[in-house]
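> Just so you know, the sequences run in chain order L and G.
If you count by the numbering used here, then the first sequence holds residues 1 to 496, one letter each, in order.
If you count by the numbering used here, then the second sequence holds residues 1001 to 1513, one letter each, in order.
None of these hints come from the bench; they were simulated from the model.
Note that this is a predicted model, so its numbers are computed, not measured.
Among the clues, some could well be false.
Claimed, not checked - Okay, the calculated bits of chain L under chain G, using three or more residues with CB under 8 Å as the criterion: (1) 333-342; (2) 421-431; (3) 480-491.
Glycine residues also receive a C-beta, built at the ideal position from the N, C-alpha and C atoms.
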Amino acid sequence: MAAFAWPDWAALAPAIVLGLTALLLLVVDSIYPHTRDNPILAGISALGAVVAGGLAAWFLASGTGENPISLYGNAMVVDTMSLFFVLIFTSVTALVSVASYDYLKGNSYQAEYYTLVVLAATGMTLMASSNSLATVFISLELASLPSYALVAVLKKNRGSVEAGLKYFLIGALSSAIFAYGISLVYGVTGHLQLDLIATTLGSGFDGLGGVLGIGVLMVLGGFAFKTASVPFHFWAPEAYEGAPAPISGFLSSASKAAGFAVAFRVFVTAFPIGEVGSTIDWVLAFQILAIVTMTLGNFAAATQDKVKRMLAYSSIGHAGYVLIGLAALYGGNNSGVLSGAMLHLLVYGFMNTGAFLFIALVEYWGVGRTFEDYNGLAEKAPIACLAMTVFLFNLAGLPVGAGFMSKYILFGAAVGAGFWWLAAVGAINSALSLFYYSRVVKAMWIEDPEGDFTIRSTPTGLYVAVVAAAVVTVALLFAFGPVADTAYNAAAALFA
Amino acid sequence: MIVEALLAVTLLSAFAVFLAPDKIAGKLAFVLSLLPAAGSIWMYSAFDGSGNALLAGGKLAFEETFKWVTFGPYALNWHVGLDGISMPLLVLTTVLTPLAILAAWTPIQSRQSQFFGLMLFMEMSLLGVFSALDFFIWFIFWEMVLVPMYFLIGIWGGPRRKYAAIKFFVYTNVASLLMFIGFIALVFGLGDSISSLDMPAIAQALNSGQLGSLGGIDAGTLKALAFFAMFIGFGVKVPIVPFHTWLPDAHVEAPTPVSIMLAGVMLKMGTYALLRFNFTMLPGVAKDYAFIIALVAVVSVIYGALLALAQSDLKRIVAYSSVSSMGYVILGLVAFNMYGVGGATFQMVAHGLISGLMFMAVGVIYNTTHTRMVSDMSGLADKMPITVAVFVAGAFGYMGLPLMAGFAAEFFIFVGAFHSTVLAGNALALFTGAAMFGIVIVAGYLLFAMQRTLFGPFRLETDYEVGRASFHDVAPLVVLILLVILLGVQPNIFYHMIQDAVGKMALLPGGGA
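If we strip away everything but chain G, and leave its shape as in the complex, we get (with noise of 0.2 Å):
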């Protein structure tokens, strides 16, 4: 019951914290937050998982089954667990929760206890994602995460928050339900190979080659078409280059403290669950489209660096940047080997830790110049030592820089490609070249913006009093770049973890590790 403890505790502070009076809401909120992340730290201690949660031998920590609800031939059971893949998630999500709640001290100046509610019942609804393994569960979980999300950006959100929230809504919606047609056809097609929803067992019926036909439509092509309904259906959510088009609008009218969980969290929703489905039910397809897969994670990489390259609001740079980033994750799933997948999901927990602190620390420095633009200030670095000292690591952390969590796992993405007998021969040595130069456009657009905005003489378009921030804004940022250089200099907190779940998996395309 430890995983059903962690759900009703955040659910319950939720509740507490929306009923609390707006003044102490901000605080009562950090202090509940601080329980599940102590909690997933002790789960984390504890974990006695191995395996992949989803395929055969896979030994599950924390696991529980219970009936819910039993439609026909199926179940729909209550299931959840935790394997090394989403052991990391959970850890990320919890610990990143309560950072962004004291980064919301600051900004959030109205409706607090609502605010502080939907940012609990967020973090309730994440956990629920990356535990459950019913689909139906799954689902529920992955559906509720919009809740919040819509109002915590159309309520407290920048002048065009109603746009991007209804735009954030609708198009994540659509996503679902297409990704939901898609697994379902699966289900269906599996015919009385399966009694129930649940992820492992229709992981292992479809390895296995259980799947029929479905409405005329034969197996072979059953397989691609939901393979490809899924993978443009968790593609939206990661996002990939063309479905990308909600997330910036979303993130610069975010508040700061919803940015860095849509970044941190969020997006990994999207990636976890392309493993998960994709990656784990349908390994065949993935290695049948791999080029098509790599070029679209080639082209995220390239063209999220270059939009980032474009622009002139800090934000903007950090959100397409983010683009570019989770290209990469995909580039490691695509690569099919045990460096790739591995990268992959020690990328999803670097990159939340590193953009959840880029986004902090813009939102700092908004919070004291109130402007965002590159070209309306420069030379901060004298005003706020610690901030601009935190933002000019973390860069350094998204350019790769060894010894930050970004490089170790970039490193072994990049590994995983070039040893990849599934893209071997599709260009194999061009596709990885390529997306390493991503780095450099990174290091490129990040170097020039901080150089124009953080150094050199003191300047402000802006009419206010640059003083130092306040030790809840600075405190946070401290907590995230130790977190970022511990993950760098010891991947293998979970690299380990991960290495273990992934190992199988990798193995599922018939290539060798």
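Next up, chain L with everything else stripped away, as it sits in the complex (with noise of 0.2 Å):
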């Protein structure tokens, strides 16, 4: 008996495992309709997404990906990079799942909530596998339009419809501008799928230089608005601070890993420096923006009052840092800044969605938004405030976790590329971050606590959710072996 072979569309597997739970948690609604608190809601969502990111690491673990699967007519295609950031996209996911399930309690619209968290999931999914312009196109919408909704998903607070509507807004003018370049560069080429864009370049586009230079432009601008970095990151402190913070956690984590996924295999796949750069230098404009982004992001960041802005700010700092990955690039160490990138992310997955879910917890018991109302919330709630210091330590790139460990290895292989002055702008910044961030380190645990405030209750799914985010972020500085050498790998794979 042959053996039984697999499909290549079983190696979408995780994709489907999302997209199938979006519609399961839809017949979930249909049958328990309106419900205000349902452990059934989060506990599908959450499954679907440890089941899909178990897929993902199971075709890591046995290699599938190494050769990579093209499918679709090469509109799509399965790596190890494209199954590395599933890993990100499904832990968030599931992080975000389990918390939600206390943050939500009494609100309604819960199927419409979970199921639009796990939509977007599949669109960010979608994202990292997508191999051509016009599928990076319609899964980065699939990934956004239920992003917007979940921003605006409180109706009744102010706050979270105004920073719906402003993310919207900016979401549509930049993708606009992203189709428009697509546009662009699908004129000079006449290809949407990134390799043949690459071998057409390579054959030159005699005369239509400053159509394909704009066109790249104009994509990097959407790419620029999904990873929240200058200039279309206006949209980001609003919509982190006004939305319900599991949200900002899964869109500052998630959604921006999925905006430098579609980046990182795009710019390196299609627009070979070699045949563009004399045109369109766009590691140029990246080194620029990496620059101008992680200093405004940071010293914004340094000025806030509130916590959750703060984080906000932060998010745009690190992705200046993450953009480290493509503004070193071609100096000589291209795997090495790329998986530093990478597993910048991944870290940043956990520990920022967790500082997130943190805000979520003290906004759940009611405790206020800026840095003086977290004075002495340690000795109220020790185990919760151990965890927030954990994040924000990693953030900070101190030792405790991983981000330690990413951080500096992304500054080292900047270095080793010999853009040393990048590495100096991002340890310049990465130290102010530390003076931000142990702001509210200071308020859980030195200051004395004002008021007689009481923790009335500890929400289990809240606390499972911060604590195991706290604990991946730690135990991650000693699996750091396995996650390293398959982001260099895949990394590696990705300029071959």
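Could you fit the two chains together into a complex? Lean on the hints.
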């Protein structure tokens, strides 16, 4: 009997599982409509994400994708990099789903909420696998449209609605710019498929260099929006602050990673610098963006009064660090810088989501939003505050977890590529970030509590999610070996 | 697995103390901290290393290597081991920690389990710094020290503790980042000749001239740039003038036991790293810029001493005199011969004990009088005879009185500096003479402060009953002064292994011993 061979499309199993989970959630909703407290919904959503993530991990472990699997006429590709990113998205989705169980208690439209989260995760998973500008655009919209709705999901909260509208308007604008950029690139090359674009560019694009340059820049703008990088970062502080905290975590971790997943693949595969460098030096553009983004994000974060808004700006700062992954390319250490960026996104998926989920916990308790409101919180909730301290110190790059590893590997790789000045700017920003992150730590542990506020409950879901994120952040430090290896090979394969 | 066991026991002790109730935390921490102390003394007796850990031919004691992370062409391995330079510092750390914990029983009256847990956690990180031989592992421990230190100053410190904690935190973090960039540039400059961040491998590759160019910067410039990035990075920790401004703030605000660890062990991280990285890996640059480095050393000695002279707070006096004493270490290093580097290493241990002693004595005085201002008190000698006797003895140790540890260290440093071929022709005698003059200033301000506070008729501006200090306050003082005298009478306890470890290294710049 011949061995049963899986069809190629089975490699998309994580995306398929996520898509089915979203549909299943709608079915459950039609059986128990208008539920306001539903562990089944949160459970299904988390389970779907865990299964999808487990599949991706299994594929990675068993070597699926080491030879990239092309699907649907090469419009999609499953390789180590896409699976690596699926792990990030599904981990964040699982954490957010578990935490939302408590956060949403008493709210209506619960099924819609979880469905939108899982649908957005499906879109992100497809983004990581997109190998054609057409699929990039479609999956990007699949990830974005649910996100707009999720930011505004607290219908009666003015901040939430305003943030959703702002996010949607800027999103629509950047989608238009992105689509126009795609059309210009198509006009020059006659192809949407990434590798074919590169091949066509290799045989020259006589007289159309200007059109191509504008097209590439517009595509770059689309990614800047998705990753909350300068110049399309304006939406981020408002959206992250106004959105329900779990959604802020979801967007700032998973959605950002998805943007970078596409950016890595599109720029490295479709626009090889050797062919287009004389016309449009996108590496230079990313260098400028990286420096401006990290500096702006960190300086703005240092001046905030509200913790959630500080985290929002710090998330822009981290986008700047990750941009080093593109900005330090072609210095002789390509796989190093790109995988450094991927690793930072992975760790960021846990430490940043965890930090936002801690905010969700604090909002759940009804503690205020400013740094002062956090005074003495550690006395009342030591475990949660310990977890938050782990997140903040990791974000700042102190060695209480893997955030240290990923940041220093990224900076080190940039130095190795000869871009020591990028690392130096990153280092200055990193030191500044220690200042504002430690303000939260100071408030929680050092300051004396004000007033006689008491914490009445310990919500299980939020605690589980926050503690799990903290444990993973720390444990990744010890288990960094296999992760680093996978990321490096994934990046190296992209340049092969 | 000896080093791992030492680290694991210390870490588990830290967790046990975290979970213990406040009432017994101090006692539990003290008992548990005796375990690593006993362990390190056993390790000292079983020490079988020879040569320098980073150089060819060095045989390490308790060496252990296993794979941790591979990142592309580079492996980051767990690699620990001890040589004659790190072994004494390891013993210093484990011996000073229980004494500092005893000194914390009186002043620390809130959140004890957190305090003592953090002290043990800090001890673990410090032990890691002195035993790690892979750069990344070493760097993890190096940065990890900051975390407990931030909380220890921030929560239990004096009135301006929040400012002091954040200043210390950011200042030293910037320094670490600068050092990191400098070192990593060297690693990538070495290209294919190394395949890991193993410090011995890197040191040997650098010393055999394998460094290439990186990003358009040629090898010579790269070496010099990396040297100065690392010199400033480590110099902040030492601290050298002009990067010393965090130190008085941190010291004055930190509670006594934390000051003991800060001055006693943490400052040594800086000089230890300078010795390991700058002087062992890039001896050529150290030789080329010997004049500047010696100048920095002498300025630190004199300026630190003059600053101490200007203070009216006993703790500030001791804090600034640390700047001065660490300047001697730099001078010994840059002399770059066996006496100089050996004396510098010995000074790390000697100063660790003596400055710990001084901070502890000031702490005991403060516990009873609730003031540290020189002008607020006089004639304490009649009221607290033992404390004052130890204080006076420690002060003489600071001045380098023979038969005390400080004398042995400073004597070797000056002998080394006078014989230095590296410094020769760079106004050698002037440097060494100026540095020796620093001792006169030290004697001046210590005698002046002691005369006013300890002797004469009893007077106290604060309204407290001055009685004898309790046993657990005085006992560590007595233990420390005995150790200082022991090392002064019998420097070979450590000097022998130090000499063995620095011998080969001292030949690196091409001069004689």
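> Now look at each hint and say whether the structure bears it out.
Going down the list of hints, with the structure as the test:
no. : hint    : verdict
1   : 333-342 : holds (count 4)
2   : 421-431 : holds (count 6)
3   : 480-491 : holds (count 5)
Comparing the model with each numbered hint stated earlier shows that all of them hold.
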